[in-house]
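Student: According to UniProt numbering, the first sequence is numbered sequentially starting from 1.
Read the hints as simulated data drawn from the structure, not as lab findings.
These figures come from a predicted structure and were not determined experimentally.
We put the CB at the ideal spot given by N, CA and C, even for glycine.
Any given hint could turn out to be false.
[Stated by the list, open to error] Lysine-lysine pairs mimicking BS3-like chemistry, simulated, CA-CA at most 30 Å apart:
#, residue 1, residue 2
1, Lys191, Lys72
2, Lys482, Lys417
3, Lys173, Lys243
[As the list claims (entries may be wrong)] Distance ranges between label pairs, derived from CB positions:
#, residue 1, residue 2, range
4, Asp184, Lys121, 40 to 46 Å
5, Arg233, His3, 53 to 59 Å
6, Lys235, Ser272, 22 to 28 Å
7, Lys173, Gly256, 19 to 25 Å
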Amino acid sequence: MTHRLSKSKILSGIQCPKRLWLEIHRPDLIEYDPNTLARMQTGHKVGEIACQYLAPGGVYVGLENGFGHALKLTRDHLDFSDLPIYEATFVHDQVLIRSDIVVPTGTGLKVIEVKSSTSVKDYHIWDCAVQAWVMQGAGRPVQNIEVAVIDSSFVYPGKGDYQGLLKTENVTKTAFEMRTQVEDWVRQFLKTLQGSTPDIEMGEHCRSPFECPFMEFCLPADRPAYPLECLPRIKSQLLQDLKQEGFEDIRDIPDGRLANPTQERVRRVTQSGEEELLLEADCSHEKFSYPRYFLDFETAQFAVPVWKGTRPYQQLPFQWSCHVQDRPDNLRHMEFLDLSGEPPMRDFAESLVSSCQELGPIFVYGSFEKTVLHGLIQHMPDLAHSLQALSDRIVDLLPIIRQCYYHPEMRGSWSLKAVLPCIAPELDYTVLPGIQDGGQAQEAYAEAIHPDTTPERIEEIRKGLAAYCEMDTLALVKIVEKLGR
DNA sequence: CGTGACATGACCTCTGCTAG
DNA sequence: CTAGCAGAGGTCATGTCACG
């Protein structure tokens, strides 16, 4: 028996048949995203909790001896026992699935699909529909299908007690109603796989609901330097109209064609080829005093909380970096970094309060630092007053830069990582070893606090995190310098 | 994955105008 | 005086972008 489709391949195919074709025929083209492994680890942990609390005492069907053996093991368990099965494996009509949790009952299987998400999405139900179709087709009637997701309001009481971390939603009815839809998909995808590469135009489906790993491959070799897609907040209708009118590059669009003022500005500056800096714009009344602070946080988040009193996906700060200018001609740096694995929040907050004194603007980029401070205020009433005072001094550079600066090379984005190469090309994140964005900082933290990590590796991570966070705040210094105030 | 800031669009009320 | 209308202004939900 050959099975050519897995459940995840079908979900890819729904997003884009060409993606499905490439996943099967050209897996060598996939660029492995470093975040993928971290997501899989998260999913694994959530899955373990689900087994333990939703259907304890079951048996696990491993893949060590291949799919054939997994199929046989599943059959044996179902025929000769009534224990729950984890990763039960089924095949029907060339489609193979592995199901998170299957509980046999007298009237059919009770299926639980576990997701690390906090709400049930449409594509979760498609997932369940495919599972139900395969199980029924394999001669195993399905009685009930549930999706288990994370309840983000859960507060971890400690001592390994995760009762209530997951909540379930019954999707039996919808999943059963999609039966003919699933059959259509399978028939269509098997046919697609027999032919040559499907010819599919690029579009929204390349990003939603998941980013396609073959984007680079699908992009035409002679793509424009400033594609229309870079126009900020462009609607699909406008994009379509502009392409119809024969424009491929932002610079092709004539003066006056764009009604949206931000898009028009991007067009005008891109066409000029030169950066635009409007220093007299609006915020000129804000003369910033000294001392000036430049602040950046790094946080960790866990789908399965590890510290008592914390919630799933709560952002827990473990590092801050702060440059200080007491006078125009001086610059010093301070930082805090806790890799002990103990809850870092209290020391983080106390050191921050004592280091930032009581006066002077605190520059940040984006609303993230304010959000984290507010989270700390909720959990540390004794520091609430001091933390609120810090929050009140925060000056967000993002809206200021958005208003008064644009460079063609920003390609429609005002994120720090897009702005910085234009303002301070000497600050290059790509030379940093290992940690070049917030996501990698989170991963590095998770690795550092893992019990198996060696002291040498922890020291390496400490250096990497310190260098990354310090560069972030130095970037803020450069931005304020550029504003000339 | 979560949160905040902001833009956008739908919908509502309020106001002032005009025709009857 | 009222019914009907358009434009101004407000609220709310939704979407996008930014941070981690």
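Student: Hint by hint, where does the structure go against what was stated? Just the numbers, ascending.
Tutor: 3, 4, 5 and 7
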